[in-house]
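Participant: Chain by chain, the residues:
Number of protein chains: 2
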Amino acid sequence: MAGAKEHMRASIAAFGTEIAPASLEGVQRLFDAEQRALANAVPAAATDLAYGADPRHRLDLYAPVNASAPAPVFVWVHGGGFLRGDKGDAERWPNAHAGRFAARAGFLGVVINYRLAPAHGWPAGGEDVGAAVAWLKANAAHYGGDPDRIVLAGTSAGAAHVATWLQLRPQSHGVRGAVLLSGLYGVAPYDDVRDLSYYGEDPSLHAERAPLETVVDTNLPLFVACSEFDPPRFQAEFLGLLSRRFECHGRLPRSYVGSGHNHFSLAYHLGTSDRRLGDEITAFVREVCTLG
Amino acid sequence: MAGAKEHMRASIAAFGTEIAPASLEGVQRLFDAEQRALANAVPAAATDLAYGADPRHRLDLYAPVNASAPAPVFVWVHGGGFLRGDKGDAERWPNAHAGRFAARAGFLGVVINYRLAPAHGWPAGGEDVGAAVAWLKANAAHYGGDPDRIVLAGTSAGAAHVATWLQLRPQSHGVRGAVLLSGLYGVAPYDDVRDLSYYGEDPSLHAERAPLETVVDTNLPLFVACSEFDPPRFQAEFLGLLSRRFECHGRLPRSYVGSGHNHFSLAYHLGTSDRRLGDEITAFVREVCTLG
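Chains as they are written, first to last, in the numbering used here: chain A, 1 to 292; chain B, 1 to 292.
Treat the hints with care, since some could be wrong.
Where chains are identical, the list cannot tell them apart; a pair therefore holds if satisfied intra-copy or between any two copies.
Stated by the list, open to error - Below, in silico cross-link-like pairs of lysine to any residue (SDA-like), each with a Cα-Cα straight-line distance of 25 Å or less: (1) Lys5 <-> Arg251; (2) Lys5 <-> Ser68; (3) Lys5 <-> Ile19; (4) Lys5 <-> Ala20; (5) Lys5 <-> Asn66; (6) Lys5 <-> Asp274; (7) Lys137 <-> Ala50; (8) Lys137 <-> Ala45; (9) Lys5 <-> Ala67; (10) Lys5 <-> Val65; (11) Lys5 <-> Gly278; (12) Lys5 <-> Leu220; (13) Lys137 <-> Ser172; (14) Lys5 <-> Pro221; (15) Lys5 <-> Arg276; (16) Lys5 <-> Asp279; (17) Lys137 <-> Ala69; (18) Lys5 <-> Ser23; (19) Lys5 <-> Thr290; (20) Lys5 <-> Ser273; (21) Lys5 <-> Asp146; (22) Lys137 <-> Arg56; (23) Lys137 <-> Asp48; (24) Lys5 <-> Ala69; (25) Lys5 <-> Ala33; (26) Lys5 <-> Pro70; (27) Lys5 <-> Arg104.
Note that these hints are calculated values from the structure, not bench results.
The following block holds chain A by itself, in its conformation from the complex:
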């Protein structure tokens, strides 16, 4: 087991720290067998449910496994540089895997698509997260979820969209907690973001569009993570957010650095036998959903 783990770490380290298609494909290949097995074990309860008018306003549901009472609702917001990404389906496990991971943990797993740049700029992603929350408030109970116990989770651009939803509705976001994996919050200027069609080319707009102050200030419970092999840009966002939170609240939020993982594997290994991050997230969701 230790040998297998060390081999996985070495394989992921070999992809380097850059955001590159070869790294994404390599990571997905590494987890393919385990994620296909999970896909077979946890089928979707409902797919392509419309939570808005746009063709991208679609979500899939994974029903809580072995849960009797109304279950916490875990909403997964995929990454993809604001430009791409998909919730997956029965055949394509990426992102669908996070819904299955949540279902197996006893939650109602929700995996959403959202509108993409360049057609849809800021704050479309954040608005869509909010629209999905509204839809779940009305419909989660029908699928075994508790509409009063929703936790948002996003990776990379998805973490930014979760943060933007909190920014749009700081007092009425309707959720119990947020899981932010390897996100961009605006700690550093957006100048070096490869494609600025989401935040806009005009740098004077960026400060007010960045969700940083919201995720620094909010009293919503946060789980903040990055990975050991994340690009420096994303580690800087993680450190900057933790430092600002510490200044503001005098304490660290729940925080995690995924050792042996990179920007892609941190998200895509959820549901595999490497349960370290998954167990931390599960414990966080359970805790924030039993409070109050």
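Dock chain B against the given chain A, drawing on the hints supplied.
Facilitator: Relative to chain A, chain B alone:
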């Protein structure tokens, strides 16, 4: 299992974040049954070996379990505010537990005592870590350890002493890596340290005595951790060290925030069924001991 974990988290959270005798005693009580079982399973291979002239220059050895080749050597440096602390023995598990944890992971576990303030001020603790390393270079092989694969690990004041040894011998410390748990490195001035008999009452001495610049600059592999319920002072040291490392190296070192743990439990739970931190440390030791 999840229920037991959540109960443990709640019990530790209830001790608060302060460094208080009641928290230390409470934490030790929580782990007492598991640590006594570990003590029964992994007896010391040798105790009270002298690595120097002072009565505090004593160390205990725990032989690697199920290891054939010469094993990595894991040296545990206890905490205690520079003023107190003890390596433990067959009857008293605190600190001895870390040697047993290491032995069970296949390492030669070493638990040292070192000279204490106020009788012995800076850099006595760092010198003693170095004296223990020198003793192990000469003697570890006799007990199944590889003198060329030594990893230092310290908690609280012990982490400071490990850092001070690196500061005293930045080029010839003789070790493969360092595990720094909830340490003080000098990110913030020492003004608020309760007892300054170790670093000295004269604040003008503190900057040169602080090991911060060394642990920022060093290319030695580091594993840096703090806990979710550490006092803010220690979380600030963790964040400050990570931020300075990031500025200097452009990357995070291996980093870990022990969720559900406080300043005491982060160290004292090693060897129990909560293997999260222990597994990370074990993987780090294996990795740095197979390099080069």
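Participant: Of the numbered hints stated previously, which ones are contradicted by the structure, given in increasing order?
Facilitator: none
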